[in-house]
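*Asks:* Chains as they are written, first to last, in this note's numbering: chain A, 1 to 304; chain B, 1 to 304; chain C, 1 to 304; chain D, 1 to 304.
Any given hint might turn out to be false.
Since the list can't tell identical chains apart, any single copy or any two copies may satisfy a pair.
Using 30 Å as the maximum straight-line C-alpha spacing, the simulated BS3-like pairs for lysine-lysine come out as follows [stated by the list, open to error]: (1) 19 / 297; (2) 219 / 298; (3) 297 / 126.
Since the hints were derived computationally from the structure, they do not count as laboratory data.
Number of protein chains: 4
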Amino acid sequence: MTIHRFVPTVWYNTLGSHKPALTVASGDTVVTETVDAAGVDKDGVHRVAPPNPMNGPIFVEGAEPGDALRVSIDAMRPIRPTGWTRSVLAATVVDPASLRDLPRSEVVTWAIDINAQTVRLETPVKGLEHLVLPLEPMIGCFGVAPALRQAISTATSGEHGGNMDYRRFGPGTTVWFPVAAPGALFHVGDCHAVQGDGEIVGTGVETCFEVTLTLTVEKRRPLVWPRAETADDVIAIGNARPLDQALQHATTEMLNWLGSDYGLDRTAASHLMGQVVRYDVGNVFDPAYTVACRMPKKWLPPRE
Amino acid sequence: MTIHRFVPTVWYNTLGSHKPALTVASGDTVVTETVDAAGVDKDGVHRVAPPNPMNGPIFVEGAEPGDALRVSIDAMRPIRPTGWTRSVLAATVVDPASLRDLPRSEVVTWAIDINAQTVRLETPVKGLEHLVLPLEPMIGCFGVAPALRQAISTATSGEHGGNMDYRRFGPGTTVWFPVAAPGALFHVGDCHAVQGDGEIVGTGVETCFEVTLTLTVEKRRPLVWPRAETADDVIAIGNARPLDQALQHATTEMLNWLGSDYGLDRTAASHLMGQVVRYDVGNVFDPAYTVACRMPKKWLPPRE
Amino acid sequence: MTIHRFVPTVWYNTLGSHKPALTVASGDTVVTETVDAAGVDKDGVHRVAPPNPMNGPIFVEGAEPGDALRVSIDAMRPIRPTGWTRSVLAATVVDPASLRDLPRSEVVTWAIDINAQTVRLETPVKGLEHLVLPLEPMIGCFGVAPALRQAISTATSGEHGGNMDYRRFGPGTTVWFPVAAPGALFHVGDCHAVQGDGEIVGTGVETCFEVTLTLTVEKRRPLVWPRAETADDVIAIGNARPLDQALQHATTEMLNWLGSDYGLDRTAASHLMGQVVRYDVGNVFDPAYTVACRMPKKWLPPRE
Amino acid sequence: MTIHRFVPTVWYNTLGSHKPALTVASGDTVVTETVDAAGVDKDGVHRVAPPNPMNGPIFVEGAEPGDALRVSIDAMRPIRPTGWTRSVLAATVVDPASLRDLPRSEVVTWAIDINAQTVRLETPVKGLEHLVLPLEPMIGCFGVAPALRQAISTATSGEHGGNMDYRRFGPGTTVWFPVAAPGALFHVGDCHAVQGDGEIVGTGVETCFEVTLTLTVEKRRPLVWPRAETADDVIAIGNARPLDQALQHATTEMLNWLGSDYGLDRTAASHLMGQVVRYDVGNVFDPAYTVACRMPKKWLPPRE
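All chains should be modelled from the sequences, with the hints used to inform the complete structure.
*Replies:* Now the structure itself:
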């Protein structure tokens with residue numbers, strides 16, 4: 001196993017079949033520093049245009065369509081003492097009739113205390129003077145090249161992953177993406193210091209991280225949608241609009257997963273999901289929304 | 001404060017301005033036994049037609065439109081050793097193209113061990129032989145008479161509450177409904193022994209409970225949507241289709257709540273919600289879906 | 001056949017199982033004057049609170065659940081020289097991000113020239129000085145009592161009809177509603193002098209009409225959704241949100257209709273609908289939206 | 001003005017910033033033969049994989065982001081005596097609960113009589129023996145390279161156009177696309193001999209055409225969504241899911257158009273649209289749906 005320290009010189013605003021910036025063997029680890037969603041690096045230098053510039057793509061040897069790319073999020077280390085958010089709820093998450101009553105959204109700076117592992121508004125806001133949030137790092141946008149040699153904006157998401165903004169995509173989580181192009185062509189960027197469900201102000205606390213990832217090819221593992229595993233849960237992702245359709249994708253992916261890996265036929269899987277499933281909401285701000293169908297591992301039968 | 005033991009003799013399949021079955025003072029407690037969603041009682045006797053027959057309505061003295069009815073769920077005691085579920089995921093929660101691959105849904109019995117406080121399939125299903133779930137009682141359908149003297153089916157939900165199927169509506173939770181008719185006219189029924197998010201097989205474990213509720217009028221408290229509070233969270237509810245709209249209602253209600261009760265202007269509330277909000281999914285099976293916008297109390301400023 | 005001249009003294013803001021205001025035999029004709037959506041009559045007198053007060057209900061002898069009520073719209077005669085509209089597009093029909101740029105909506109008066117059969121803004125607006133529209137009368141809200149003894153607001157719609165705001169519901173059109181309560185309990189009101197698709201300012205030109213309707217029971221004709229027939233088309237209606245679901249309801253109703261009445265199996269009906277169907281959009285302003293699935297009669301096989 | 005006879009040798013399954021296959025001057029005319037949606041040419045030879053292979057891209061000199069590309073559909077001549085459709089309604093257009101009752105969809109051949117300008121099922125289907133439809137040619141999928149150097153599947157649509165499947169995109173219609181890449185990079189393919197609204201069996205009558213188009217750059221004409229003009233109407237397009245959002249995009253685009261080109265402020269435009277607008281439904285089968293907001297030209301003030 002090799003550890004690659006990957007320093008990008010170009011970034012992409014799409015996930016696509018771009019020229020690989022790095023080639024690794026299956027099982028290798030990559031350490032790389034990301035710029036923020038606006039393309040600003042850890043030194044405050046504006047390196048590239050938004051939205052969500054991606055490091056990559058990384059060609060993983062042996063990955064072919066029909067395989068899965070397993071991405072272990074080994075570590076995320078914050079590398080800038082500031083992050084930023086938008087200041088007002090997005091137009092997509094409040095009743096249309098109430099939109100006029102919202103102030104204009106502005107960019108606001110948050111202080112990140114790397115030693116204390118906390119995040120707070122740089123300039124106090126009335127009523128939130130004492131708000132100090134724990135750092136909860138997560139990757140907002142990552143994934144593989146989509147099928148059909150598409151190149152899809154990092155402002156949205158799909159079967160290939162993309163801008164899902166799901167807070168459980170943090171250190172310790174393993175994610176699988178469906179490989180649709182030779183080498184998988186992995187992209188990563190847009191990391192957040194903390195974020196609520198839905199990314200409902202249109203941002204998390206946007207900042208720069210050093211991300212450590214291990215990329216492994218799992219042959220002939222035909223997922224349709226991204227999947228993940230944490231210490232406690234297995235998770236299937238759906239990306240679409242409206243939320244109803246994202247939920248359908250995630251639920252169908254979980255149903256298939258419980259069948260292929262846990263030996264549950266459709267009735268058994270329905271019984272289990274019906275009484276213990278949990279849904280989480282990723283992005284409800286971008287063109288495609290994200291729903292996670294989450295199953296606590298304690299209720300699963302042994303993997304086959 | 002009086003405790004009323006309420007034994008219904010008629011049930012309703014709508015929440016509406018029906019003739020009150022019981023009149024109570026604000027602050028009184030009501031103890032009542034519910035039939036299950038199909039209208040079967042604790043003795044297995046079919047008492048009334050589905051869907052979701054309601055005990056009530058209960059007229060709460062002093063409640064007027066513009067007030068809120070606070071409902072404390074003091075206790076829920078299971079009173080039948082069996083419950084039932086549907087056996088297959090609902091057509092609304094999987095990809096349309098996968099529907100043909102699902103078996104027909106059937107009614108399946110679950111055993112409820114009242115002493116052990118557990119729930120399990122009566123007839124074991126392959127792969128789930130060891131599945132024993134903790135009892136997690138919740139009220140599927142409750143609320144007040146809707147505005148305009150409407151009578152709305154207990155198969156759906158709205159500003160008045162109704163069939164929300166949200167698993168945090170259990171013992172220890174306090175719920176507020178917007179009063180839209182004199183006396184509020186509270187209805188309750190359709191309790192579940194346990195249920196996953198979304199009620200995605202179209203049922204929880206449907207059974208009968210003795211429910212203990214305290215009903216209190218809060219004058220001139222103009223909510224639009226139901227609200228709730230648990231030990232850890234405050235929660236705003238939205239009911240609509242698609243899920244996107246339910247989420248908008250819930251988010252807007254939380255925004256207004258943080259303003260009126262916690263002194264957060266729209267920008268401060270946006271900052272807080274943006275980085276710490278949680279969304280839960282209630283029913284995604286009925287004509288209107290349910291989303292809960294949940295805010296951990298530990299992040300809230302003191303109530304004004 | 002009898003002609004009833006029906007003068008209401010009470011109006012309802014719901015379609016429901018209210019006490020009948022008139023009882024007629026199947027095949028009888030009713031002539032009645034409607035108030036406008038705000039409850040103002042032909043003399044400018046405010047008679048009843050909004051929304052959309054209904055004349056009725058009319059009990060049609062012999063109608064039972066499982067039957068259809070056929071409503072022939074024989075004539076609509078305008079009886080007030082003014083109507084009114086809202087002045088700005090509704091929040092539901094423009095991009096959320098553009099809502100701030102819209103002025104506040106106001107009520108605006110239109111002049112109705114009953115002799116010339118035209119409609120125009122009473123106070124000219126820059127750029128529309130010469131806009132004179134032909135009178136195109138239509139019924140905005142009508143239908144029967146819903147199932148389960150529900151009473152549903154005239155601000156929305158469902159299987160029972162209600163506030164569909166579909167411009168082809170005018171003179172010469174025949175409409176069928178699914179009977180869900182004894183006597184059908186027909187309601188009518190909310191007529192428009194003219195209206196574009198979608199009722200996108202939240203109103204048509206709201207005014208008063210004398211409406212002539214013939215009400216006939218068709219026994220054992222189990223529709224799910226309203227159906228209609230004009231000189232050129234047969235039409236199936238779906239009411240729901242989002243529009244996608246309304247379209248699904250309407251399309252499924254047409255599919256079933258082509259099977260039961262025209263002998264087309266599901267494949268033949270699919271071929272025909274696939275290449276010649278037309279969709280119209282009713283209300284996209286209210287809680288439930290309306291889609292019409294329209295089939296030109298010239299392509300239909302003979303009725304069986 | 002030059003007429004180019006363009007014979008493609010490669011086709012694309014995405015609209016994107018691919019290497020131009022042809023460069024033309026603004027105002028030039030292009031005549032080209034398309035393959036069908038499955039990649040089969042006029043001689044029945046399978047030339048390229050689906051979905052919807054595109055001829056192009058055509059680089060139009062002088063086109064820059066911020067301009068519009070005007071595409072006049074001068075002529076469409078059918079060049080194959082057969083087309084094909086799917087045989088059963090798509091899963092997206094019927095109620096989920098009715099999907100089980102549909103047979104499996106198959107591919108069915110239609111005969112195209114080029115002299116008679118008619119289309120009929122090659123093998124008669126019971127009840128449709130006499131169905132002979134007039135040829136109504138239309139372009140299913142066309143548009144320009146999307147922004148951000150995206151490459152987007154021809155199975156879907158967006159601001160750049162794409163797979164809209166709108167039946168008014170036929171001979172005599174002029175369409176404008178927002179230029180997002182130098183040279184606009186126009187693509188075209190997927191033509192239909194006839195198609196109902198919604199493309200609800202997932203296809204029109206898919207066949208090959210010789211298409212004659214005139215491509216003209218209109219400088220500094222910043223549309224967001226495609227626009228069109230026919231003999232009778234001006235039309236704004238929205239592409240999204242759910243249909244509600246597509247309708248919002250189309251309506252907002254029309255609102256802006258009436259302001260910039262016809263001098264109607266937001267109130268005047270609202271009055272006009274509110275009472276005379278028409279909505280048409282394009283594709284309701286693909287990932288993004290299409291709605292057309294259509295305004296009869298007879299009601300428009302003079303163009304400024």
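*Asks:* Would you mind marking each hint as holding or not holding in the structure?
*Replies:* Tested hints:
1. 19 / 297: Intra 39 Å, inter 48 Å, cutoff 30 Å: neither.
2. 219 / 298: Classified as within: same-chain Cα gap 27 Å, cross-chain 45 Å, threshold 30 Å.
3. 297 / 126: Result: close only across copies, 17 Å inter versus 42 Å intra.
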